[in-house]
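If you read the sequences in order, they're chains H and D.
Residue numbers for the first sequence follow this note's numbering, beginning at 319 and rising by one.
Residue numbers for the second sequence follow this note's numbering, beginning at 319 and rising by one.
No lab work stands behind these hints: they were computed from the structure.
On a predicted model such as this, the values are computed, not experimentally measured, just so you know.
It is possible that some hints are incorrect.
As the list claims (entries may be wrong) - Derived PhoX-like pairs (lysine-lysine); straight-line CA-CA distance at most 20 Å:
#, chain 1, residue 1, chain 2, residue 2
1, D, Lys341, D, Lys622
2, D, Lys321, H, Lys469
3, D, Lys469, D, Lys622
4, D, Lys396, D, Lys321
5, H, Lys356, H, Lys321
6, D, Lys341, H, Lys449
7, H, Lys341, H, Lys396
8, D, Lys383, D, Lys356
9, H, Lys341, H, Lys360
10, D, Lys449, H, Lys396
11, H, Lys469, D, Lys594
12, H, Lys557, H, Lys599
13, D, Lys396, H, Lys449
14, D, Lys557, D, Lys594
15, D, Lys469, H, Lys469
16, H, Lys449, D, Lys321
Stated by the list, open to error - Computed footprint of chain D on chain H; a stretch qualifies when at least three of its residues, placed anywhere within it, have a C-beta under 8 Å from a C-beta of chain D:
#, stretch
17, 351-362
18, 454-461
19, 574-586
20, 599-610
Glycine included, each C-beta is placed from N, C-alpha and C at the ideal position.
As a plain string of letters, each chain reads:
There are 2 protein chains.
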Amino acid sequence: MGKLIIGIDVGGTKVAGGLVTQKGRLIESQIVPTHADKGFRKSYAQITNLIGRLLSAAGGADNVKGIGICAPGPLNPKTGVILNPPNLPGWRNIELARMVTREFGLPSRVENDANAAGLAEVLFGAAVGYKDVFYVTVSTGIGTGIIINRKIYHGKNGIAGEGGHVSIDYHSPYRCGCGTLGCIEALAAGPGMARRARVMLEQEHGLSSVLRDLVGGHAEQITPLMIQEAAHDGDRVAKAVLDDTGFYLGVWLAGMITLFDPEAIVIGGGVSRIGKPLFDKIRETIPGHTINGFATETPILPAKLHTNVGIYGAASVFLPAGEEAGT
Amino acid sequence: MGKLIIGIDVGGTKVAGGLVTQKGRLIESQIVPTHADKGFRKSYAQITNLIGRLLSAAGGADNVKGIGICAPGPLNPKTGVILNPPNLPGWRNIELARMVTREFGLPSRVENDANAAGLAEVLFGAAVGYKDVFYVTVSTGIGTGIIINRKIYHGKNGIAGEGGHVSIDYHSPYRCGCGTLGCIEALAAGPGMARRARVMLEQEHGLSSVLRDLVGGHAEQITPLMIQEAAHDGDRVAKAVLDDTGFYLGVWLAGMITLFDPEAIVIGGGVSRIGKPLFDKIRETIPGHTINGFATETPILPAKLHTNVGIYGAASVFLPAGEEAGT
């Protein structure tokens, strides 16, 4: 069956790891807490313990081709250095790939989590059969991955593909955490959706909405999931918020089609689970906002990998088509 | 010296052609009118006559490696088909590469003019030494070319890299010819600049400006060149228009850096000749509108190839680093 690959997905709260075959089958997976609040040393110990257990499960290092690690950016996949991710306080210019290689005597690479997820969707998920794909994950933030010829496009400093921070409205009242006004992340990710619902309810006190009832008047407690459910039940405010979200994503993706003319777009992440109403609005919006005459033919696909997308993604950087990603 | 390449630059009013060595030296060039108003047959005859004369100048087809032709889009460089360029009425689904190959018995390729110019800047111009470059030409429109690993990125249908039609303001009052609201082309190309000057003068009748005097009150006659000259002379309206143009371009290029993390950006075209005041404003605007922490280190370079950029560009698709562009 060839050698196995260890995929490690480092998140702010948990680290997931698994063994992936070269055909993309996950044969073992484990989860441990990150303990990010206890600083880098502790989190690093969590990661290396997990790798150690996965190596045992693999029957030893001889059966393992490499260790792929994905983490939130910014990080540089070319050098294997984690720069300073907001979700991992205390991690600053950490030479993670080098440390892991030294510790286990196996090749190791790090990759941005959205890039890795995009590559995984191309290798084993929704975009199998395509080679030039724009991947998006919409949840509490918006991450993107640019896959060209079945490899991740990294750019000069390894931080290309931060499409969630491209503005579609430079004089928007909403400033993103990155400092930019009107980033698609500020407009269409989970917190942006919740904020729009809150603003609508606050501006129109007479407006009846199950959202108001769900949070007992505490509009700051509205979540994207509540919006999804309320919209499903026909709530007018929730439906308007979903509609706007689809519109913003559509305008933005229209621009991405204008730039990349991709074979397909794949949309994953929690917000994408809203499904049809969101995808319909996105697909309806795109053609009026791009010069690309083939835009209506560009498949806008829901992601296929969910729970373990991070493990698959991390392992992908050691799989044949992804392998040159770091070069 | 190796074989020569014929480069043909088809524009709405003239066709320029030349012989380029494999080291990128232009050793012969000629210009003929396109006669676009007389239809495709006439323009095609103009092109083939020019190619014939360049073949003679080269000492025959044996000394020529190929014929590269650049033209305004939309066109498909992968198939060599010109789709339906607005500037060339009557050209519709023209299999130009195939026709030229058949007529002259030499390999022939077509390329979008902005893509070709971008490649030429990488091979012989401002971006020599770089391989991942975002190229922009700002004149009556805004064209862009995405150069990755010293090759043009084409996308699925061959129409990637239409960055001029990416919106930075989805609710802008200005609709681009492509149908999109707030495209950077609608905001920052020559006609957009002239329109802003006109609007300023019309809204404030008391505003004194040499622009008003230059056109004798006929604000619709204001040109970008007038704005450039008036700004140089300290005119307040003209300076405000230049400033806005640099700001818009800066916001937009910030987004391109966020996406591509390029080694360099090259800006060419008539409007770019404004030079320092425009480039300063662009460079000043970028850092506040991108998440890319290296943006201030990304060189924003003025183009080096001017008069013959189209010939160089067309020839580039047959030069070593550009050669795989069509694949």
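Mind taking a look at whether chain D covers the stretch 599-610 of chain H? Criterion is 3 or more residues with CB to CB distance under 8 Å. Held - the stretch 599-610 of chain H has 5 residues with a Cβ nearer than 8 Å to chain D, which meets the minimum of three.
Chain D covers the stretch 351-362 of chain H, three or more CB atoms within 8 Å, holds or violated: With 0 residues close enough to chain D, the hint is violated.
Restraint status (C-alpha distance of Lys341 (chain D) to Lys622 (chain D) at most 20 Å): Roughly 16 Å separates the two Cα atoms, so the pair holds.
Within a Cα-Cα threshold of 20 Å, do Lys341 (chain D) and Lys449 (chain H) meet the stated pairing? violated, 33 Å
Given the hint that Lys469 (chain D) pairs with Lys622 (chain D), does the C-alpha gap stay at or below 20 Å? holds, 19 Å
20 Å Cα cutoff - pair Lys469 (chain D), Lys469 (chain H): holds, 16 Å
Has the given pair, Lys341 (chain H) with Lys396 (chain H), been kept, meaning a C-alpha gap of at most 20 Å? Measuring from Cα to Cα gives roughly 25 Å; hence the hint is violated.
Would the pair Lys557 (chain D) and Lys594 (chain D) pass a check requiring their Cα atoms to be no farther apart than 20 Å? Holds, because 13 Å separates the two Cα atoms, which is no more than 20 Å.
Pairwise hint evaluation, Lys321 (chain D) against Lys396 (chain D), where the allowed Cα distance is 20 Å at most: Given pair Lys396 (chain D), Lys321 (chain D) is violated - Cα atoms ~23 Å apart, limit 20 Å.
For the pair we were handed, Lys396 (chain D) and Lys449 (chain H), check the Cα-Cα distance against 20 Å. holds, 16 Å
Are the Cα positions of Lys383 (chain D) and Lys356 (chain D) separated by 20 Å at most? Status violated; Cα separation ~31 Å.
Are the Cα atoms of Lys557 (chain H) and Lys599 (chain H) separated by 20 Å or less? holds, 11 Å
In summary, the numbered hints that this structure violates are 2, 4, 5, 6, 7, 8, 9, 11, 16, 17, 18.
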